[in-house]
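Add 7 to a position in the sequence shown, counting from 1, and you land on the number used in this note's numbering.
Heads up, some of the hints might be wrong.
[Unchecked claim] Okay, derived cross-link-like pairs now, SDA-like style, lysine to any residue, Cα gap no bigger than 20 Å in a straight line:
hint: 1; residue 1: LYS335; residue 2: SER385
hint: 2; residue 1: LYS13; residue 2: VAL47
hint: 3; residue 1: LYS10; residue 2: GLY26
hint: 4; residue 1: LYS276; residue 2: LEU266
hint: 5; residue 1: LYS61; residue 2: GLN111
hint: 6; residue 1: LYS10; residue 2: LEU114
hint: 7; residue 1: LYS61; residue 2: PHE72
hint: 8; residue 1: LYS383; residue 2: THR332
hint: 9; residue 1: LYS380; residue 2: LEU336
hint: 10; residue 1: LYS61; residue 2: PHE21
hint: 11; residue 1: LYS380; residue 2: SER338
hint: 12; residue 1: LYS331; residue 2: GLN379
hint: 13; residue 1: LYS331; residue 2: TYR320
hint: 14; residue 1: LYS381; residue 2: VAL47
hint: 15; residue 1: LYS381; residue 2: PRO306
hint: 16; residue 1: LYS10; residue 2: LYS67
hint: 17; residue 1: LYS10; residue 2: VAL28
hint: 18; residue 1: LYS67; residue 2: LYS335
hint: 19; residue 1: LYS383; residue 2: LEU316
hint: 20; residue 1: LYS383; residue 2: VAL47
hint: 21; residue 1: LYS67; residue 2: LEU316
No lab work stands behind these hints, which were simulated from the structure alone.
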Amino acid sequence: MNKIIKYYLYFLPFFSLTGIVLGTLRTAYHDSYSEAFLTVGAIIDLLIILYGFKHLFKRKIAIVFLLLIFSLIVGALNNEISRRFITDFTNPFFFFAKVYIFGQYWLSNNFNTYIKYYTRIAFAGSVLLLPITYFLFQSTGTTRLAIFPPMELPYANYMLSNSLWLLVSFIIIMLYGKRAQLFSAIITFLFYTFLFKRKQIFKYFIMLLISGGAVIFIFNNFSNNLAVIRLKGTFDLYNENHSGNDNLDKISAGRYNELETIINQMQLKDYFIGKGLGFVYLVDTGVAYAETTNAHFSPIGFLSKYGLLFTIYIYYFIISIFVKTNKKLLSSNAYVIALGVSVFVFLESFFAYAIFVTPILPIVMGVLIAIQKKQKLSSLIRQNVDVAAT
């Protein structure tokens, strides 16, 4: 198992950077290679699952499997059979499975070494692809820039190790124009400062002021920048005196309309059992109605598709890992960085479909589980030694 995971981890930052290229082609040229990209990703995930299958005989995995089977039956009764039945099943199942497989992997492998490798590739790649992305957008007259660079791990790493590169990472995230990632970066920084750096609050307050100054400078001197236009447009809409849902929908880039559309299609029973695998809804884009399957606001997306029990279980699973954090665990840099990435992506999931499709998330949650397990084993050994000594 170790060998295939090592290959996977080696190629992961390059694979994640491919998402920038595909996002650019999809938006600027309307060429979508997403299906092929996701298919390759699913095949790789399947190989990992098969190689690590012996680590999946756990109660939580069994619960997930049974809940998904139930949603499969509900979907078969309510929805048209399509390829979405496969992805609606595999996306959550592969996520849960990979968390445990990587949890086993990191028991005997060094995450600190991987942090340096992934950060170097993802950061450099995001910087190099930024001018190319802008060139392609501007050459086609495309103005809506909103792309996810794989910056969650570099950002969390630099929060702990390098204030200057943290600021640069923040600017890179901002220039790619994805507001979900930008807001998550800000909230993660505030969370990190409050939790870990309260004694250095003045230093981080200065950093916040410098970051704010950098943003204002960019806004004032690069007002034609695609990301700046997008962010300024959001602020302008927010400050307008217009009332009603139309303005709210524009600010949220259609998310409010998406939320209303899903709720309008749900009956009372759907909140409990969901509409099942394969559920799609039509969203008014202003030009045409687009068939959509995964809501940006993940809680309503999970609720509408999988039902209340599965939605509660997803958040219970993630939050239960977070709350096991203690002071001793926070003495590990690897743990703090993994926690930072996990919180970052968790926050993103309230603005974008992120939990099941962000490759770095199960990896870092596996780190959290592994380090928690090591601490528990160490504590048990000490207790046994103390008992033997008495």
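For which of the previously enumerated hints does the structure constitute a violation, in increasing order of number?
Failing hints, ascending: 3, 10, 14, 15, 16, 17, 18, 19, 20.
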